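In order, the protein sequence lines correspond to chains A, B and C.
Counting from 1, position 230 in the first sequence corresponds to residue 230 in this note's numbering; the numbering is continuous, with no gaps.
Counting from 1, position 38 in the second sequence corresponds to residue 38 in this note's numbering; the numbering is continuous, with no gaps.
Counting from 1, position 205 in the third sequence corresponds to residue 205 in this note's numbering; the numbering is continuous, with no gaps.
It should be emphasised that the hints constitute simulated quantities derived from the structure, not laboratory data.
These numbers come from a predicted model, not from an experiment.
By construction, the Cβ of each residue, glycine as well, lies at the ideal position given by its N, Cα and C atoms.
Any given hint could turn out to be false.
What the hints assert, rightly or not - Computed from the model, here is a short list of chain A residues facing chain C with C-beta under 7 Å:
no. : residue
1   : S151
2   : T165
3   : G396
4   : Y402
Unchecked claim - In silico BS3-like links for lysine-lysine, alpha-carbon gap of 27 Å or less:
no. : chain 1 : residue 1 : chain 2 : residue 2
5   : A       : K13       : B       : K10
6   : A       : K186      : A       : K293
7   : A       : K191      : A       : K16
8   : B       : K10       : A       : K16
9   : C       : K276      : C       : K521
10  : A       : K293      : A       : K191
11  : A       : K13       : B       : K12
12  : A       : K186      : B       : K10
13  : C       : K894      : C       : K858
14  : C       : K320      : C       : K310
15  : C       : K407      : C       : K141
16  : C       : K276      : C       : K320
17  : C       : K310      : C       : K758
18  : B       : K12       : A       : K16
19  : C       : K276      : C       : K310
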Amino acid sequence: MTRGESSMGNADKYAKVDRDILAAMEKPGRLYLAGLAVTGSLVVIGGILWAYQIRNGLGVAGYTHPVNWAIYITNFVFWVGIAHSGTLISAVLYLFRARYRTSFNRAAEAMTVFALMVAGLFPLIHLGRSWVFYYLIPYPTQRQLWVNFRSPLIWDVFAVGTYFTVSVVFFYVGMIPDFAIARRCKEGIRKKIYSALSLGWKGTERDWRHYAMLYLFLAAFATPLVASVHSVVSWDFAMSIVPGWHTTIFAPYFVAGAIFSGIAMVITLVVPLRKAMHLHEYITDDHFESIAKILLFTSLIVSYAYIVEFGLASYGGNIFEMESFRYRALGEFRYLTWAMIFCNSVVPLTLFAKRLRRNTTYLLVVSLLVNVGMWLERFVIIVTSLAHDYDPYVWGTYRPTYVEVGISLGSFGLFFMLYLLFVKNLPVLSITEIKEHL
Amino acid sequence: MAGPMVFEEKEKFLEQLRVLVQEGVPGERIRVITPFGVPEVEEILPGKRSKVRFFALVGAASGTVTGFAFTILTSLSWPLIVGGKPIVSIPPFIIIAFALTILFGALSTFAGFLLLSRLPSLRGIRSGEEHGNAFVILVEDGERK
Amino acid sequence: MKRRDFLWLLGVISGSTVMTSCGSGKSTARFTSYLLPPEEGIVPGEANFLPSTCTECPAGCGVLVRLRDGRPVKLEGIPGHPVNDGGLCVRGQSSLYRLYHPERLRGPMAREGGKHRPVSWEEAFSRVADSLTASRQGSLKNLFLSGRTTGSLSRLVDATCAKLGIERLPEYEVYSHTAEKEANGLLFGERDIPHYRIENADFLLTVGVDLLETHVTPVAYTRKISSARARGDFLWYHVEPHLSLTGANADRRFVLRPGRERRLLSFLLREVLDRKTPKTPLSGELLAALPRTTASIVSGETGIPSESLKEIANRLATAKRPLLIAGGIGTAQAGGLEVASAAALVQWGTGAIPERVDFARSENYRDVGTLRDMEELSARMGRGEAGIVFLFRTNPVFSLPQRLAFKENLKKASLTVGMGDFLDETLREVDLILPLSHSLESWGDVEPRRGVMSLLQPVLPPLHDTLSDGDVLLRLLGKVSGRGAPGSYEELLHAAWGKRLGEAGRNRLLEKGYAEETLPKKAVSLDGKRAAETLRSAGPTEDAGKPVLVLAPSLRTFDGRSRILPILSEIPDPLTTITYGPWVSMSEEDAARAGLRDRDEVTLTAADWSTALPVKIQPGLAAGVFFAYRDLLPSPPIRTDRRTGGGVEYIGGVRISRTGKTAEVPILSGSFSQLGRGLIPHPVHLEEGRRHDRWTLYPEHEHKEYRWALAVDLERCNGCAACVAACHVENNVPVAGKADHLKGREMSWLRIEPFYEKGEVEFLPMLCQQCHYAPCESVCPVFAAHHNPEGLNVQVYARCVGTRYCSNNCPYKVRRFNWREHKWPEPIDRMLNPDVPAREVGVMEKCTFCIQRIRAAKDKAKDEGRKVRDGEFTTACAQSCPTGALTFGNLLDKESKVYRLAHSERTYRVFESLGTEPSAYYLRGRKP
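Generate coordinates for the entire structure from the input sequences, incorporating the hints supplied.
Written out as structure tokens, the structure is:
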């Protein structure tokens, strides 16, 4: 939305919006191609390492006994978490009619879809026998055996599967009118592709009537997913008996953490996006300030959760849990724990200052630290709880190997590569909605 | 039949629409094409609320029923004890049913939308009749044999 | 056509058919099941058992060899065997790996220009025969050196040596028990080790002997102690300078300074004689020769507190049936003869002979020589007096101290002939190698002690081109005489048995695997004069010199001969849980003072010897004492005791210095302390309440006929890990290797967890608890882990996708994941038990309570139309346990042993408060 009155007529304004946003979908510059090359090569390296891991077994990763889950599950939870704020911005803020939503929602929805795509790889990567992954899909096997619906991993299949499907549908539906615009402004093969993707959208009032209801319902369906999906993912841990995992605060804690890390990732993506594509008119500092407030709010919830966790452990008298948290704070991985607390709880407190909230460079730095901190949080929760659980004879440790690091970098590469491809081929802002609010 | 009336400004377009309705042109014969959804059009032109919502309801309900039926029936078809839990364990099945409610609801709503809007329309894809950012009013002929 | 053409055509067709089908490996590789079994007694799919004897150590335990399709896949002790009565130790269970070891010698070899190349038996024997003929003309002596050899083989060796003019040297064993033999010889005229009938004692005092680990016949001793304890009136005190598994399991353990056993025993002897009157009074001469001392003086000398000394003496003197055994490190020292003599006198004085110290059934160590004998041998070779030297199943190059220069002097013999099964340190130095078959491939007999004969029979044809012990000698005889071997060893044996035992006796021997002879009573009398002389001529007590490095015999490798078996490095040492790699054990005080932590490397230096070893801190070890297992120190600088000629198994005055490096040593235990978690409840730990009523939301699930459970009696368990080895062999559990162990990725389904409290250790065997409400089952997404109607937690390998959530959720962490493909190199793959699938990479495995055995027993019972009886079968671990600590059975059978044990007042379950309802019941130990 623009501030103040424009001296242009409406038609010109609309055309300008079209131009500005579709400008990004032109021929790529050198910086873009370099970015694509870097991320692409990370993806290739990750793929090669994964093939190596399948060939030689999971032993090439740094797993020890008892730490059976480590970096891959950390990545899985991390990426699923990031996906949540996309849906928050698209669906929840839509229901709340938040105005600043339009400047982020397309970028955020794309982030959700790509994050889920990347996240979905990790359950495959961390399987001991990836080639029989389809056993996890509920279908009657040769012996009429289905799957164990009591297992949190199957809940993941359903929850994340539903979330991915609904997010893709939501993402796509939101772009149908924009595809109509893109087909008008582009030529050649791209015109044909956008035409097909637009489904022949005309924009009659009947179309818009159905569309409005569809969008409303999709937003309504997607909203409970924001709370439920990451709760289900957190129950991968909370439904076990491992001390340090088995606690009821996990569901709200993880959901808040998901939104927290997702908002941080949105900021990480949109600050450079705005600069590179000159979209300052559409994505203003006001918008960033609103997003930063959500960041601060969720950071406070996460900090509260830390206090509750450590507090319950020390007050509860359960010797297993007390040891788990002592180990987390003071054991081998303590530097990671402290870094996590610093990045997640201490640094975002500076956002109480309005000046800092409106400084997008500072926000970028904070968002990067939060991303690191949230990744570390999942790592710390998973690894330290597993390393020191019930039987002290079995206590162990964990060190990642190059395979895990390589595959993780590959996943980051995949995400950013998809994002770069998105930026060049799909409109990064919702043109239609912006025009609606002009 | 009058040709399409094209407007660059939203206000002028709405004014004309109100005029047409006041003139007594039946709503079903007025076709409007806009670059984005204009809520005032709904007020001016009488029309029923979109039936897409029924698809949502049916989809969601079938999702819930499927969720419980699927999980309960498959658990009973090969009753395996895990962790001493009862064969029909409702709490975890609720989660599956919840997920399927959302999934079926969303997909069914989308399907309903496609059905009711008659999309994808091959004509729309191929012909590419574009109006750009203009607001268009089309009045259809009354007599059509 | 013409007849000629027809015949020609016929020939071409049949010839080409034959030629094309010849060597078509494809058809032979196809699996075709037997219609007619290849050998009598083999039913495909069914096992049969043949008795034989384990030869992994000299104890001679009887084993039943389980054969599947003519291949041995498991060894189990013979129930009722006079030595081991059904139990089998960790080395015995592992000895099957020796049969199938890929590095076994596959044929005779001769050295040429520094390397060994294969030769034929003909060639080998010719060389020996030629050399023998040549040596007769010279003045060189041909020598035959072997390890301890008994029974018919020993007689054959004598005969062969006599015929061929070879001097048979005293047998060489690292643990030759020289001092005890010398003392018994001087005092009682019986230069042997008596059979200790511990089961008849009510108070056992052991000084330095590692009864449970390697001493003479460890499985027998373990069983005896166990059955004595079961009576309830048995007390066992152990005195030692270091910390051994034996000491850890005694009722009380006392630590004394190394080399001071003499002072202790003098004191005890004095006390016993002052308070007890022996049946035959001692001569005045002897009494006068006894040293006079007081408790406080001895306390100062030995480091044992006076009250403890008085307590020990009191018990010894007042017990009705006391038994003192001194040996091992207690007598393998300077002054060992005094220790052994004093011990013998105590045995005499407490009336232990012959009810508890039985010379009639002595342990056949008479022919075993001393370290001094080896010194002389080496010197003779060094002087060039040796012609042919035969080395038969012995590895002196590895175990003799450097100063003997055995390896160098061996070169001076005109021909060295090595007979063994691996290219060990000794065989690498010999000119001619004649490979010997494994005992499972050979006929033979052993006489572990007088009056007991144990059978050796081949259960499969030799895997490689080897000959059995007896056949090698017979063929050699045949070659030299030029008339061919005088029959096979099998024929010779059968004839000898027939003669000795009679026809019926021989058949019984072949059927049962052993034969016992009744022996006439042996009257043993004390030669007081000799005794007095021995005591008088004792020198002053030597100061061991601080700090002392004690060389201990190893439970896992005996004197080092079992090092070659990979499984024995895979199974952790019970006290330290170290698997691969050498180490030296150090006390907590010494480590603290030197600022050393586990795995820091130190150099140990003594005189002109030094070695670098990583450190392991050992709770319970006294300051100033280090110990390392014998096999970790090749050629250690052992002194020879002046009086007996035996070796001194400790090195005094060792200097320790840091190297600054840290070694990669896999220490499997994450914590030696239970940290109050109640895994083994004591008053100092979190005391688990008595079994209380469960309140649960879950419906009870029914068990119809069987509900399997395992009871583990911690009082009996001594941490020997025999069960671990048995499980490995039975269930095809792979040997993971050092790299995996460094990541904690051991594969053992059953592990022994040592927990220390104030320097005392207790062992907890931990295996899958088969929980009733298993946390692992509900989290498996694909039902690979679920509960079966008989109470077992089953793991379906074919279904497992490898998410590893089950392992995360298991509080006992007994689930093992296959992180990589474990290969079974030829011929070890023949050892795989066909009843158990080998798991592929990426699946989870764990203890199944030997479901294959459950299945087999149920099938058999079903065929006979009945239920499985209690005790009809048992799991592999329970079967092998020498102490009877593990009991398996059906909990629904109220008459079963496991039911009684599960409901005793000593019973508890690990982590019961978690609500997992395990099927493994533990019975508390005896510590107050």
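Evaluation of the provided hints:
1. S151: holds (4 Å)
2. T165: violated (20 Å)
3. G396: G396 (chain A) check passes; min Cβ-Cβ to chain C is 4 Å, inside 7 Å.
4. Y402: violated (15 Å)
5. A:K13 <-> B:K10: Between K13 (chain A) and K10 (chain B) the Cα gap is close to 12 Å, so the pair holds against 27 Å.
6. A:K186 <-> A:K293: violated (38 Å)
7. A:K191 <-> A:K16: holds (20 Å)
8. B:K10 <-> A:K16: Holds, at roughly 16 Å.
9. C:K276 <-> C:K521: holds (25 Å)
10. A:K293 <-> A:K191: Violated, at about 40 Å.
11. A:K13 <-> B:K12: holds (16 Å)
12. A:K186 <-> B:K10: Holds, at about 25 Å.
13. C:K894 <-> C:K858: Holds - the C-alpha atoms of K858 (chain C) and K894 (chain C) are around 18 Å apart, at most 27 Å.
14. C:K320 <-> C:K310: Measuring from Cα to Cα gives roughly 17 Å; hence the hint holds.
15. C:K407 <-> C:K141: holds (18 Å)
16. C:K276 <-> C:K320: holds (11 Å)
17. C:K310 <-> C:K758: holds (23 Å)
18. B:K12 <-> A:K16: holds (20 Å)
19. C:K276 <-> C:K310: holds (15 Å)
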